[in-house]
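Chains A and B, in that order, give the protein sequences.
Residues 3 to 368 (our numbering) are what the first sequence spells out, left to right.
Residues 397 to 674 (our numbering) are what the second sequence spells out, left to right.
Don't read these hints as lab results, they were simulated from the structure.
Careful: at least some of the hints might be erroneous.
Computed Cβ-Cβ distance ranges for the label pairs, DEER-style [stated by the list, open to error]: (1) A25/A - P575/B: 27 to 35 angstroms; (2) C67/A - P575/B: 18 to 26 angstroms; (3) P508/B - L174/A: 30 to 38 angstroms; (4) L584/B - K111/A: 15 to 23 angstroms; (5) L174/A - V474/B: 39 to 47 angstroms; (6) P508/B - D136/A: 42 to 50 angstroms.
Only pairs whose alpha carbons sit at most 25 angstroms apart, straight line, appear in this in silico DMTMM-like list of lysine to aspartate or glutamate [to be verified]: (7) K496/B - E228/A; (8) K286/A - D300/A; (9) K498/B - D320/A; (10) K344/A - D361/A; (11) K55/A - E616/B; (12) K121/A - D173/A; (13) K55/A - E565/B; (14) K266/A - D300/A; (15) K121/A - E565/B; (16) K266/A - E285/A; (17) K266/A - D320/A; (18) K266/A - D210/A; (19) K185/A - D173/A; (20) K111/A - E616/B; (21) K185/A - E217/A; (22) K286/A - E269/A; (23) K112/A - D604/B.
All of these numbers come straight from a predicted model, not from anything done at the bench.
Each residue gets a CB set at the ideal place from its N, CA and C atoms; glycine is no exception.
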Amino acid sequence: MTASIDGPDLEFSGVTKIFSGRAVVRRVSLTVQPGEFIAVLGPSGSGKSTLLKIAAGFEFPDEGCILLRGKDVTTEPPYRRNVNTVFQSYALFPHMSVADNVAYGLRRKKVPQTEIAHKVKEALALVGLHRFWDNSPTTLSGGEQQRVALARALVNRPAVLLLDEPLSALDLKIRRRMQIELKRIHQEVGTTFLFVTHDQEEALVMADRIVVMREGALEQVGTAREIYDAPVTPFVADFVGELNWLDANASSGAAILSDGAQIKLPEASQHRRGPVRIGFRPEKMRLAPIDAVIGPQDNGVRATITSVTFQGPITTVDLRLTDGMIVRCQSSATDTIELPEKGGTVLCLWQIGSTLVFDASPTEQT
Amino acid sequence: MNATSASLSRNAVGAFGLFAVAVYFFLYAPVVTMVILSFNDSIGIGLPWGGFTTRWYRESFANTLAIGAFFNSVRLAVVVSIVSTTLGLGVALASRRIFKGKALVLNALILPLLIPGIVLAVGQITLFNVMGFLPGLWGATLLGHLVYTVPFAFLNIFPRVHRFDPNIEAAAADLGATPWVVFRTILLPQIMPGLIASLLFCFTLSFDEFTRTLFLIGSENTLPVYFWSIILTDPSPAASAIATLSVLFSLSVIGGGLLLLNLRRRKGDSDATPVGAH
Ligand SMILES: Nc1ncnc2c1ncn2[C@@H]1O[C@H](COP(=O)(O)OP(=O)(O)O)[C@@H](O)[C@H]1O
Ligand SMILES: [Mg+2]
Chain A
3 MTASIDGPDL EFSGVTKIFS GRAVVRRVSL TVQPGEFIAV LGPSGSGKST
53 LLKIAAGFEF PDEGCILLRG KDVTTEPPYR RNVNTVFQSY ALFPHMSVAD
103 NVAYGLRRKK VPQTEIAHKV KEALALVGLH RFWDNSPTTL SGGEQQRVAL
153 ARALVNRPAV LLLDEPLSAL DLKIRRRMQI ELKRIHQEVG TTFLFVTHDQ
203 EEALVMADRI VVMREGALEQ VGTAREIYDA PVTPFVADFV GELNWLDANA
253 SSGAAILSDG AQIKLPEASQ HRRGPVRIGF RPEKMRLAPI DAVIGPQDNG
303 VRATITSVTF QGPITTVDLR LTDGMIVRCQ SSATDTIELP EKGGTVLCLW
353 QIGSTLVFDA SPTEQT
Chain B
397 MNATSASLSR NAVGAFGLFA VAVYFFLYAP VVTMVILSFN DSIGIGLPWG
447 GFTTRWYRES FANTLAIGAF FNSVRLAVVV SIVSTTLGLG VALASRRIFK
497 GKALVLNALI LPLLIPGIVL AVGQITLFNV MGFLPGLWGA TLLGHLVYTV
547 PFAFLNIFPR VHRFDPNIEA AAADLGATPW VVFRTILLPQ IMPGLIASLL
597 FCFTLSFDEF TRTLFLIGSE NTLPVYFWSI ILTDPSPAAS AIATLSVLFS
647 LSVIGGGLLL LNLRRRKGDS DATPVGAH
């Protein structure tokens with residue numbers, strides 16, 4: 003490859019795709035750096051697959067362009083792009099052996115026979131399938147087929163590996179194992195991964211950066227921590243992890259609930275006035291006796307326990323605030339051991355810094 | 397399941413068995429009779445048995461009219477099977493795309509199967525007449541056979557093409573295969589059984605075709621037409637010999653085809669030698 007070593011591997015620039023009058027991908031701009039593991043996260047129908055197909059060349063954008071290692075490939079067909087795809091359905095060639103499947107891309111590039119044999123062996127070893135060399139892919143389990151698909155794509159050393167929900171057809175246990183496996187492989191080969199998933203946990207666990215999509219547009223791009231701790235919209239906050247929502251009215255650095263209780267706002271939201279939505283994560287909340295002192299760094303509201311569910315490592319407590327709003331607290335079992343029973347009143351505490359503040363505009367409801 | 401219903405089903409099995417034996421008898425007895433009579437040393441077809449002879453075979457092999465009719469049939473059947481399989485494949489591939497009036501096009505292709513051959517033949521000869529198109533082997537008869545066999549070709553190929561996952565072709569394109577290479581290395585090997593079945597099917601349909609051919613062929617001959625003419629004019633055991641040879645030929649074509657199908661079952665990427673052993 004003659005492309006620049008230090009430029010991005012893949013760039014979407016203002017990409018829009020319209021299907022029957024509806025923009026399925028809207029003005030998406032995204033830069034993917036070499037070696038990154040990016041997860042494209044979004045609910046079903048948000049345009050993730052379409053975005054990937056545009057990168058692979060199976061769909062062509064109505065607006066915008068795609069750069070692959072600095073080269074404009076917007077109108078290039080799939081077979082002239084240095085990207086490879088791992089399909090959700092694996093899409094292995096059923097009439098070829100595992101080795102012939104993996105060798106397919108190298109053969110198209112007229113790589114010498116001895117080199118093919120060597121590279122195929124290496125790729126199958128990478129995914130732990132060297133024993134299955136001569137097998138027909140139809141005799142393999144879902145997880146094994148997934149590995150063959152991975153080896154078949156990676157053996158070509160693509161500039162970017164595109165993965166469209168590659169694990170969603172596997173059962174939970176194998177999926178967990180493949181997540182770890184996929185991360186290991188990513189680190190070992192150093193290829194850039196663009197990974198589509200609708201599973202927020204999978205995205206958090208695997209990706210260097212997460213791209214949250216909603217109705218075809220990028221809602222937020224950031225590290226797992228940024229997305230989780232500082233979601234820029236209620237949609238992101240809700241989609242990634244669970245969230246407690248409170249409706250309040252902001253004035254001079256605090257938000258007032260309808261019963262008069264005060265929520266102190268973090269530095270960046272001090273300027274807000276008028277109706278707001280306050281969010282905080284159930285696992286960032288602690289419960290304390292009703293007469294406990296609220297620290298200067300904390301927010302605290304009174305609530306009545308409506309249910310306590312012991313779940314092993316954590317306990318989930320559902321509570322009702324005095325103005326009727328429902329919140330949930332999740333904490334490790336030892337923290338909650340001295341709680342009053344159902345019906346008792348406690349103080350819900352969380353840090354001011356982990357309080358999320360959003361506009362109360364009704365269009366942002368999810 | 398209780399004893400009564402078990403014994404009932406045993407009776408049913410017995411009845412079906414008997415029925416099957418009867419079917420096989422009526423299927424094969426005429427053929428066996430014909431083969432036996434082709435060795436009969438007598439002047440007419442049928443009994444009495446006049447002793448064993450191979451004379452009728454020697455005579456058939458020396459009969460230039462019969463040989464000519466046979467080669468006409470073979471050549472016509474080869475052309476018909478190749479052309480109709482190609483057309484059938486084309487329509488099957490087109491049917492994967494969504495286009496307006498697709499259902500109509502496909503149904504219109506299948507419909508002639510329901511029209512009696514003789515009706516179509518009369519219609520065709522009338523139409524050809526109007527168009528000034530003379531009866532003959534390579535014009536009228538070829539067309540008549542194609543109208544007859546293309547639906548069968550399509551029906552053999554369509555299911556294979558239809559159930560083929562387009563993602564698999566996308567994967568091949570993704571790995572660097574141009575559309576033609578995708579067709580050659582991915583689609584073709586997997587629909588090959590359907591293509592071979594179609595070739596065999598259309599070959600035998602054309603090779604055996606009589607009704608339409610009789611109307612469309614004019615003064616030329618195919619084997620069935622020739623056979624019919626000698627049965628009418630000179631029914632000797634030579635007719636049985638010709639029929640036996642024709643059946644043998646058909647069987648060997650089908651046998652060869654089935655062998656071919658079995659052979660390619662264990663083959664991988666048709667494009668290259670397999671990746672060397674490890
Ligand atoms: N070829 C197509 N023609 C028309 N609509 C399509 C096509 N492909 C996808 N869509 C529509 O675009 C939207 C986004 O689809 P997709 O990219 O598959 O979403 P996701 O992968 O996030 O679930 C969906 O509403 C889908 O129905
Ligand atoms: Mg999808």
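Verification of the hints:
1. A25/A - P575/B: 27 to 35 angstroms: 29 angstroms, holds
2. C67/A - P575/B: 18 to 26 angstroms: Holds: the Cβ-Cβ distance is about 24 angstroms, inside 18 to 26 angstroms.
3. P508/B - L174/A: 30 to 38 angstroms: 54 angstroms, violated
4. L584/B - K111/A: 15 to 23 angstroms: 21 angstroms, holds
5. L174/A - V474/B: 39 to 47 angstroms: 57 angstroms, violated
6. P508/B - D136/A: 42 to 50 angstroms: 47 angstroms, holds
7. K496/B - E228/A: The hint is violated at about 50 angstroms.
8. K286/A - D300/A: Roughly 11 angstroms between the alpha carbons, so the hint for K286/A and D300/A holds.
9. K498/B - D320/A: Distance ~58 angstroms between K498/B and D320/A Cα, so the pair is violated.
10. K344/A - D361/A: 33 angstroms, violated
11. K55/A - E616/B: Roughly 59 angstroms separates the two Cα atoms, so the pair is violated.
12. K121/A - D173/A: 30 angstroms, violated
13. K55/A - E565/B: 14 angstroms, holds
14. K266/A - D300/A: Satisfied, since the Cα-Cα distance of roughly 8 angstroms is no more than 25 angstroms.
15. K121/A - E565/B: Holds: K121/A and E565/B sit about 23 angstroms apart, inside 25 angstroms.
16. K266/A - E285/A: 19 angstroms, holds
17. K266/A - D320/A: It holds: about 22 angstroms lies between the C-alpha atoms, which stays within 25 angstroms.
18. K266/A - D210/A: Cα-Cα ~32 angstroms, so violated.
19. K185/A - D173/A: 18 angstroms, holds
20. K111/A - E616/B: 54 angstroms, violated
21. K185/A - E217/A: The given pair, whose Cα atoms are some 28 angstroms apart, is violated under the 25 angstroms limit.
22. K286/A - E269/A: 18 angstroms, holds
23. K112/A - D604/B: 47 angstroms, violated
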